[in-house]
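Visitor: Spelled out, the chains give:
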Amino acid sequence: MKAKHKRSIFILFIMTFVSVGAYILLTNLRDNLVFFYSPSEILTKIPKADQKIRVGGMVDSNSLERRIIEDSGKKYEEISFTISDNETLLKIKYAGILPDLFREGQGVVAEGFFDLEDKVFNATNVLAKHDENYMPPEIKNLDRKGIEK
Amino acid sequence: MFRFSNPKKFQELSDNVYPWMNFLAFIFILIGLYYSFFNSPPDYLQGETVRIMYIHVPSAWLSLMIYSSMGICSIISLIWKHTLADIISRSCAPIGASFTLVTLITGSIWGKPTWGTWWVWDARLTSELILLFIYLGHIILSNAFDDFRKGDKNAAILAIVGLINLPIIKWSVDWWNTLHQPASLTKFGAPSIDSVMLFPLIFMALGLTFLFVSILLDRIKGEIYLRKIELFKQEID
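For the protein sequence lines, the chains are A and B, in the order given. Position 23 of the first sequence, counting from 1, maps to 23 under this note's numbering, and the rest follow consecutively. Position 55 of the second sequence, counting from 1, maps to 55 under this note's numbering, and the rest follow consecutively.
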């Protein structure tokens, strides 16, 4: 009986030790574990110009613009759109291929550098973020009609 | 308390349950696959890609559930010294590792068309990858000693330490900003997945769970024989 108690205490000790260790580690790594920042966080804790970061938010409706730009004989398309976290808006510029699921009103995560002077985020890569809603198209259309009414 | 913890009694029970598990797994997976592929609508946003979810999500659930069972068995094994707990734990590990691998691969295939990338180091994906490494570490450690009892003990400690990863995987999407979406099915509140898509998901989840139990029972049987041989060898020596 005594040996059994000893072993229980041993296990309890391991579990507490590991949990406390993990807690300390994770709270300290909090900033590094965040995959992306919100526009508000970027504007309050301004990152260095050469620091690659990620910013995520909802693409504002009717904010997507495409322009053809000529730079030293090469033509490329510059895409710009605004993302928001319901508090702050942030303009994002990007030259590249947007993921198929990129939609206005849906979440995106952009990777790149923040330009403090122009308050513009220059993205080198854009990822679409999918939310937890799954539904067939017909139901989505019904939803939309419901909102319009 | 441990009526079936005697390997012999357990084996009798297991032999009776085994064919039923196979039967249920077959039926549920058959219906689940039919609905997943042919009788459920595409998603309004993802299109046909949504069908990957019917294998990805149940595998992810199982990867966590199997590890929890291993953790519980390891605690029982260390405190009460039950051989059967070690046998179950050892038999679970490769199955859990397989489901974790399926989760990671299907997730990656889904991620490319949906997010635009095969892999990102966000908290959910990284913690699930760590789970795979813990499973593999468990398999290696439990076989690393000449005396299997020593392997059992060390692997059990690893399994208990690794338990800390489970809440991290589960709530990573709520604790940190991740690219991975939060859970669609929660204990509280209505599911944010439409019922026509929930149906195949539940069938696949049950089917794969029965499949897991069936493989587990088979592995346990083999493990018991292996131990008998091992003990016999030790007696001869």
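Derived by calculation from the structure, the hints in this document are not laboratory data. The model shown is predicted, which means the values in this text are computed figures rather than measured ones. We put the CB at the ideal spot given by N, CA and C, even for glycine. Treat the hints loosely; a few may be bogus.
Unchecked claim - With a Cα cut of at most 20 angstroms, we get these calculated DMTMM-like pairs of lysine to aspartate or glutamate:
#, chain 1, residue 1, chain 2, residue 2
1, B, Lys-112, A, Asp-71
2, B, Lys-170, A, Glu-104
3, B, Lys-228, B, Glu-48
4, B, Lys-221, B, Glu-12
5, A, Lys-119, A, Asp-85
6, B, Lys-150, B, Asp-237
7, B, Lys-112, A, Glu-117
8, B, Lys-153, B, Glu-48
9, B, Lys-112, A, Glu-111
10, A, Lys-91, A, Glu-132
11, B, Lys-112, A, Asp-85
12, A, Lys-119, A, Asp-50
13, A, Lys-93, A, Glu-65
14, A, Lys-45, A, Glu-117
15, A, Lys-93, A, Glu-104
16, A, Lys-6, A, Asp-50
17, A, Lys-119, A, Glu-65
18, B, Lys-170, A, Glu-117
Said to hold, decoys possible - Residues of chain A placed beyond 12 angstroms of chain B at every Cβ, according to the derived structure:
#, residue
19, Lys-4
20, Asp-50
21, Gln-51
22, Asp-60
23, Ser-61
24, Ser-72
25, Gly-96
26, Leu-116
27, Asp-131
Visitor: If a hint holds in the structure, say so; if it doesn't, say that too.
Guide: Tested hints:
no., hint, in the structure
1, B/Lys-112 / A/Asp-71, "30 angstroms, violated"
2, B/Lys-170 / A/Glu-104, "29 angstroms, violated"
3, B/Lys-228 / B/Glu-48, "50 angstroms, violated"
4, B/Lys-221 / B/Glu-12, "10 angstroms, holds"
5, A/Lys-119 / A/Asp-85, "16 angstroms, holds"
6, B/Lys-150 / B/Asp-237, "18 angstroms, holds"
7, B/Lys-112 / A/Glu-117, "34 angstroms, violated"
8, B/Lys-153 / B/Glu-48, "46 angstroms, violated"
9, B/Lys-112 / A/Glu-111, "16 angstroms, holds"
10, A/Lys-91 / A/Glu-132, "25 angstroms, violated"
11, B/Lys-112 / A/Asp-85, "25 angstroms, violated"
12, A/Lys-119 / A/Asp-50, "15 angstroms, holds"
13, A/Lys-93 / A/Glu-65, "10 angstroms, holds"
14, A/Lys-45 / A/Glu-117, "15 angstroms, holds"
15, A/Lys-93 / A/Glu-104, "15 angstroms, holds"
16, A/Lys-6 / A/Asp-50, "55 angstroms, violated"
17, A/Lys-119 / A/Glu-65, "17 angstroms, holds"
18, B/Lys-170 / A/Glu-117, "40 angstroms, violated"
19, Lys-4, "6 angstroms, violated"
20, Asp-50, "20 angstroms, holds"
21, Gln-51, "17 angstroms, holds"
22, Asp-60, "18 angstroms, holds"
23, Ser-61, "15 angstroms, holds"
24, Ser-72, "28 angstroms, holds"
25, Gly-96, "10 angstroms, violated"
26, Leu-116, "22 angstroms, holds"
27, Asp-131, "5 angstroms, violated"
Violated hints for the displayed structure, listed by number in ascending order: 1, 2, 3, 7, 8, 10, 11, 16, 18, 19, 25, 27.
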